[in-house]
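K.L.:
Sequence:
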Amino acid sequence: MKKRLAVFAAMTAALCMSAIGASADEDLITIGFAQVGHESDWRTASTQSCQDVFCEENGYDLQFVDCDNDSAAQLEAVRSFIEQDVDYIIIDPIVSTGWDEVLTECEDAGIPVIVIDRTIDDSDKYAAWVGSNFTTEGLACGEWLKAYAEAKGIEEINALVIEGTTGSSAAIGRTEGFQEIADREGWTILDSQDGDFTQTGGQEIMESYIKSYEGQFNVVICQNDNEAFGAMDAMTAAGISYGVDGDVILVSFDACTAGLEYVQSGDINADFECNPLAAPFVEEVIQQLAAGETPESTVYMEEHWYVNEDIIETITVDGEEQTMTVVTDEIVEAQY
Numbered sequence: 002m003k004k005r006l007a008v009f010a011a012m013t014a015a016l017c018m019s020a021i022g023a024s025a026d027e028d029l030i031t032i033g034f035a036q037v038g039h040e041s042d043w044r045t046a047s048t049q050s051c052q053d054v055f056c057e058e059n060g061y062d063l064q065f066v067d068c069d070n071d072s073a074a075q076l077e078a079v080r081s082f083i084e085q086d087v088d089y090i091i092i093d094p095i096v097s098t099g100w101d102e103v104l105t106e107c108e109d110a111g112i113p114v115i116v117i118d119r120t121i122d123d124s125d126k127y128a129a130w131v132g133s134n135f136t137t138e139g140l141a142c143g144e145w146l147k148a149y150a151e152a153k154g155i156e157e158i159n160a161l162v163i164e165g166t167t168g169s170s171a172a173i174g175r176t177e178g179f180q181e182i183a184d185r186e187g188w189t190i191l192d193s194q195d196g197d198f199t200q201t202g203g204q205e206i207m208e209s210y211i212k213s214y215e216g217q218f219n220v221v222i223c224q225n226d227n228e229a230f231g232a233m234d235a236m237t238a239a240g241i242s243y244g245v246d247g248d249v250i251l252v253s254f255d256a257c258t259a260g261l262e263y264v265q266s267g268d269i270n271a272d273f274e275c276n277p278l279a280a281p282f283v284e285e286v287i288q289q290l291a292a293g294e295t296p297e298s299t300v301y302m303e304e305h306w307y308v309n310e311d312i313i314e315t316i317t318v319d320g321e322e323q324t325m326t327v328v329t330d331e332i333v334e335a336q337y
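In terms of the working numbering, the sequence shown opens at residue 2 and continues consecutively.
It is worth saying that the hints were derived from the structure and are not from the lab. On a predicted model such as this, the values are computed, not experimentally measured, just so you know. We treat Cβ as the ideally placed atom computed from N, Cα and C, and that holds for glycine. Mixed in with the good hints there might be a few duds.
Pairwise CB distance ranges (calculated) [as the list claims (entries may be wrong)]: (1) S209 x A152: 46 to 56 Å; (2) G320 x E157: 41 to 51 Å; (3) I312 x A73: 40 to 50 Å; (4) I155 x E215: 41 to 51 Å; (5) G187 x E77: 25 to 35 Å; (6) G187 x I312: 35 to 45 Å; (7) E314 x T167: 42 to 52 Å; (8) K212 x A335: 45 to 55 Å; (9) E186 x E84: 44 to 54 Å; (10) D71 x E106: 34 to 44 Å; (11) A292 x G320: 34 to 44 Å; (12) E106 x E157: 28 to 38 Å.
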C-alpha cells in the first residue's frame, strides 16, 4: 500500500476506533456510490478511497455499484439507491449529460447527491462536486510542451491525441485545454480519437495511428496513464523510440504509480496528476450537510505536474505560476 493511501487509512482507522465505542444500535449512514467502472489504475484507487473512508467501522453502510462504463447501468444504479432510500448518493458520472431527470428524482426523494471526478453539465441538482480541473490539466500540458519544445530546439509540433471516453468531462476538459494552446501556438494535431481510458484502447488507437501517420508525428498525448502504456506497447512493437531522447515526446495524465515509474525511467516525458483520493473531501461535505450547513459547490483537489528532466522548473497557466516536479524514488513510493 502506497504512502498516500496509507495516510488516509490511518485517518480512517482513527475514526473507526471512535465509532467502535458508539452505541451498538446506532444507525449507520447509508451511501450509494455509482462508480464509472474499473478501467484504469486511477479508477481502482478512487474506488479504494471510498471503500476505506465509508466503512462500517466509520459509521457507514456503503452500497457500491461498478457500472462498467455503461451509462444506462449507472442511471439504473442511482434509481436503485433512491428505492433503497439511502442517506446520500455519490456519482462519478460516465458522461456529462443525461442527468437532469434522475437528479430531479433524487431531489424529490430528499437524497443529497455528491458528484466526484467527472462533471455533470445538464443539471445543478447536486449538493457539491469534488474533483479536478480537467481544462487546467490540458492547459498545463500544452504550456509545458511549448516550454519543453523551445528548450529542446523543436520548431514544429505534429501531435496525435488519444482521448478518454467520449462525452466524459475529463476527456472534454483535457482536449479543450490542450487544443487552446495548440491553436495559439499553431501546432498541428494530426488526429484525435477515443481510447476509452484503457490500455487496450490506447494500444489499438496507436497501432492505427502508426499505420496512418508513419513518420509524420513527434508528439503523442494520452489522456490517462493506461492509454499511454498501450501506446508505448504499440510504438515499441513498431520500432518507434519515445520519451526522453526518443523521436516522440510522450505525455500522459493521471500520474498513477506505474505512470510515474515510466516518467522516472524516461519512457514518459511528463505526466499531469489527477488526484483520485476524493473520499475524505466527500466525507467533509457529508458532515457539513448533516450539520445543516451549505458546503462549497465546487471543491478542487490539490494536484501536481511531473517530469523526468529538470530543464523546465515552472510554467504559467491562466496567469498562475505552477511547478514542474522531477520524479524521485520518494515521489513514486508516496503515490497512489
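K.L.:
Determine for every hint whether it applies to the structure shown.
P.N.:
Hints, verified against the model:
Taking 46 to 56 Å as the suggested C-beta distance range, the pair S209 and A152 does not conform, at roughly 31 Å. Restraint check, G320 to E157: a C-beta distance of roughly 27 Å breaks the suggested window 41 to 51 Å. Range check, I312 to A73: about 48 Å between beta-carbon atoms, so the 40 to 50 Å window is met. Between I155 and E215 the beta carbon distance is about 19 Å. The supplied range of 41 to 51 Å is therefore violated.
Between G187 and E77 the C-beta distance comes to about 46 Å, which lies outside the given range of 25 to 35 Å. Taken as a hint, the range 35 to 45 Å is violated for the pair G187 and I312, whose Cβ atoms sit roughly 23 Å apart. The supplied range of 42 to 52 Å is broken by E314 and T167, whose beta-carbon atoms lie about 36 Å from each other. Evaluation of the 45 to 55 Å hint for K212 and A335 yields a failure: the beta carbon distance comes to about 40 Å.
A hinted range of 44 to 54 Å holds for the C-beta pair E186 and E84, which are about 52 Å apart. Roughly 19 Å separates the CB atoms of D71 and E106, a value that falls outside the hinted 34 to 44 Å. Between A292 and G320, the C-beta spacing of about 36 Å keeps the proposed range 34 to 44 Å intact. The hinted range of 28 to 38 Å is not satisfied by E106 and E157, whose Cβ atoms lie roughly 52 Å apart.
Of the numbered hints given earlier, the model fails hints 1, 2, 4, 5, 6, 7, 8, 10 and 12; all others are met.
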